[in-house]
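Take a look at the letters that make up each chain.
Protein chains: 2
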Amino acid sequence: MTVSHSQLALGAFLMQTGHHIAGWRHPAAQADAGSNFAHYVSLARQAEDAKFDAIFISDSVGVRNRNLPSLSRTARADQFEPLTLLSALAAVTERIGLIATASTSFNEPYNVARKFASLDQISGGRAGWNLVTSSGDGEAENFNLDQHIDHAQRYERAAEFHQVVTGLWDSWEDDAFVRDKNSGLYFHPEKLHVLNHKGKHFSVRGPLNVSRSPQGQPVIVQAGASEAGRDLAARTAEVVFVAHQTFDEANGFYADIKHRAAAYGRAPEAIRIMPGIFPVVAPTRTEAEEKFQYLQELIPTVVGVALLSQMVSFDLSPYPVDGPLPELPPTNGARSRQQLMVDLARREGLTIRQTYLRIAGARGHLQVVGTPADIADLMESWFRNGGADGFNIMSWAHPAGLTDFIALVLPELRRRGLFRTEYAGRTLREHLRLQRPAHPAAAG
Amino acid sequence: MTVSHSQLALGAFLMQTGHHIAGWRHPAAQADAGSNFAHYVSLARQAEDAKFDAIFISDSVGVRNRNLPSLSRTARADQFEPLTLLSALAAVTERIGLIATASTSFNEPYNVARKFASLDQISGGRAGWNLVTSSGDGEAENFNLDQHIDHAQRYERAAEFHQVVTGLWDSWEDDAFVRDKNSGLYFHPEKLHVLNHKGKHFSVRGPLNVSRSPQGQPVIVQAGASEAGRDLAARTAEVVFVAHQTFDEANGFYADIKHRAAAYGRAPEAIRIMPGIFPVVAPTRTEAEEKFQYLQELIPTVVGVALLSQMVSFDLSPYPVDGPLPELPPTNGARSRQQLMVDLARREGLTIRQTYLRIAGARGHLQVVGTPADIADLMESWFRNGGADGFNIMSWAHPAGLTDFIALVLPELRRRGLFRTEYAGRTLREHLRLQRPAHPAAAG
Chain D
635 MTVSHSQLAL GAFLMQTGHH IAGWRHPAAQ ADAGSNFAHY VSLARQAEDA
685 KFDAIFISDS VGVRNRNLPS LSRTARADQF EPLTLLSALA AVTERIGLIA
735 TASTSFNEPY NVARKFASLD QISGGRAGWN LVTSSGDGEA ENFNLDQHID
785 HAQRYERAAE FHQVVTGLWD SWEDDAFVRD KNSGLYFHPE KLHVLNHKGK
835 HFSVRGPLNV SRSPQGQPVI VQAGASEAGR DLAARTAEVV FVAHQTFDEA
885 NGFYADIKHR AAAYGRAPEA IRIMPGIFPV VAPTRTEAEE KFQYLQELIP
935 TVVGVALLSQ MVSFDLSPYP VDGPLPELPP TNGARSRQQL MVDLARREGL
985 TIRQTYLRIA GARGHLQVVG TPADIADLME SWFRNGGADG FNIMSWAHPA
1035 GLTDFIALVL PELRRRGLFR TEYAGRTLRE HLRLQRPAHP AAAG
Chain L
635 MTVSHSQLAL GAFLMQTGHH IAGWRHPAAQ ADAGSNFAHY VSLARQAEDA
685 KFDAIFISDS VGVRNRNLPS LSRTARADQF EPLTLLSALA AVTERIGLIA
735 TASTSFNEPY NVARKFASLD QISGGRAGWN LVTSSGDGEA ENFNLDQHID
785 HAQRYERAAE FHQVVTGLWD SWEDDAFVRD KNSGLYFHPE KLHVLNHKGK
835 HFSVRGPLNV SRSPQGQPVI VQAGASEAGR DLAARTAEVV FVAHQTFDEA
885 NGFYADIKHR AAAYGRAPEA IRIMPGIFPV VAPTRTEAEE KFQYLQELIP
935 TVVGVALLSQ MVSFDLSPYP VDGPLPELPP TNGARSRQQL MVDLARREGL
985 TIRQTYLRIA GARGHLQVVG TPADIADLME SWFRNGGADG FNIMSWAHPA
1035 GLTDFIALVL PELRRRGLFR TEYAGRTLRE HLRLQRPAHP AAAG
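Sequence lines, in order, name chains D and L. In this text, residue positions in the first sequence follow my numbering: the first is 635, and each later residue adds one. In this text, residue positions in the second sequence follow my numbering: the first is 635, and each later residue adds one.
It should be emphasised that the hints constitute simulated quantities derived from the structure, not laboratory data. Do not take every clue at face value.
Heads up, the list lumps identical chains together, so a pair's fine if it works in one copy or across two of them.
Listed below are the simulated DSBU-like cross-link pairs for lysine-lysine, each with C-alpha atoms no more than 35 Å apart in a straight line [to be verified]:
hint: 1; residue 1: Lys-685; residue 2: Lys-892
hint: 2; residue 1: Lys-815; residue 2: Lys-925
hint: 3; residue 1: Lys-815; residue 2: Lys-685
Here chain D stands alone, though its shape is the one from the complex (with noise of 0.2 Å):
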């Protein structure tokens, strides 16, 4: 068993049919994978056996369904809820850490305190959290409002959020639970804390109705990359999923955070950065570009149009699609991912056309087309230059993607001892090598 502290983390982001936008048009693709439960388990025991740190699971809560032409060509439009899912998977899992996505915008704290905490405990300790505070009015129209929380306000309601679920994760001490049945003591009433919150946003009394979990708290995740978002990152993120095109953005942006960690008194091992990465992987760089030209020959300009205008929150329909990108306006949407297109597109004079075709696999994270040896390369190269503590996987399709990287990736990063052969631990955590938080009780 290797185990070393020179070792990437892997997370596999399982996406419904693959991250590729016509992915789903590729003979190797599960057609059906979000409405498919069974083909999930298998993504999960593969994922599990190739010991993965853990599967992701995006949300959304809505279907951006304004452009049908569009929409009915993609497969996007029906996947399984993250939590449910994930709990359905922990039964048959074992070593996996399973983190998915619930917004703050539109749930409530202790709901979301509670079902993470549920997970956790079903898991035996392998659940995360990724705080998102979503970016679309297809959401909002879904919870009672007419557009989307205006951004500076979302930060602040998550921020409240994060502070509150956090709280109720500690409403009980680890040996509250004595449950003597001689005595009739089933817990140590001054090991129950009440929260009693009363904030801007929230107002929530406690305690929550879970234990404490093999864990103590759920692993926190994030991705927002804006200004908001790096500081709440930098304050509470333990894992950051983030997406970059090129070394120097990766650089700037794991320094940034570390940075900014610091100032708030955390250690730089307390939070892990994890990039995505679109690989492409064959046994020839010819092979690579052939399979990558085949999933590109499959897109619609409809849909392919549509993805970017999503990406920068902004209808390129009106505008030629072999003409250059125009001035947007600025987004209430995904502040950062409209500004990595931008860049992206102005950096090497790209068409709307070109700019679609160069995130359709990858929606903006990195993409490498190439060998086993080439993706590694790119990999150890972030990873032992301060670019990247790990990768969040997007496989082009499921589950052929996920099959190439497990079956061709992996054996390279293992011969050069970048990835573990076995698991250590149990938890996500241990996994992460993420420290175990000591209630506040046990602490003071």
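Position chain L against the provided structure of chain D, taking the given hints into account.
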């Protein structure tokens, strides 16, 4: 295989350690049931092997911790969140129905619609939603409220909530998703239906991002027995859980609900009425009585008084425990439950202690202590004479109470032809012989 319309529906109500308030202290109880997932797996599989229609998980979004001396002596403070628990159990069972409670007062309809639709997909059509309005201030205080929403307004909100949820479940026609890799069409745009709900309590655009499941819609379960609760049940419920102590009550309720349902144009067999039953069974009556007395003697006075206080939404601790139940003010909590307790105490002239001893197991539901034939006689009598379409089995402790019922009572029910020996269908609807709802577009 026996299939008959003259057979009972049976649910296993899997409340943590069991239903008797002191049951967790029994040597045969799993005291950490509220935090022990493996234990729930074993219970669910036992119930499935015994061919129960469903397992049922109740819920409370809070801990009633105002009375710590009592609370700390009961096994009610830690539990799994029902939807995460049932999703996990879905992965390790095949046929049994999965009914979870979710509150219309402390959730958003889009989230509830999604989670149950997702559970219905994961389980292959076995999900049921027990719609409750919640009844305790202890819950409201976890959701930004100083006190609970008024009873009438709560039911008004619940009715609209139900309308939104079931509307969202019809977002997609059964055959909307074609996923044709060759043409690139993933779904038929004309088979997508946007809800566009704008009501007094909710504004929800839709569509839901989960496809229509094998059941069409999860089964709707309700338990309210107040005037408002009965009306909502008659209009919308497919299963009604209810608490009765006498056949006359049960018979009156049964007739009333079916009569009200008819007024809404619904057939009597579109609603299954399932009272709770708390059986303590042994080969002889003496042994059954001994078993029950053993349990009763495990109840601390402080726990008994607190239990009754909670049932009537009024603090009885200042009153002499061996004196009569005082006059009670009207409650904003569960009205029908308060009335049930008052009726019981008045009818039989019981003291506070005698009353709590009567409800310590069944909490107002039908309690039977006797032989397999005694229990089967009573169930058969209610079933044949218009008191019940089935029962929700409330075990005195888990696993022992469930194991007892399966080993002793089920064979007697089967001997009388009152319960299945094998599942005839695959979905919860099929077990309960409830029609699969046609999509409105298909019906039109």
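**Report entry** List of violated hint numbers, smallest to largest
**Finding:** The structure conflicts with no hint, since it agrees with every one listed earlier.
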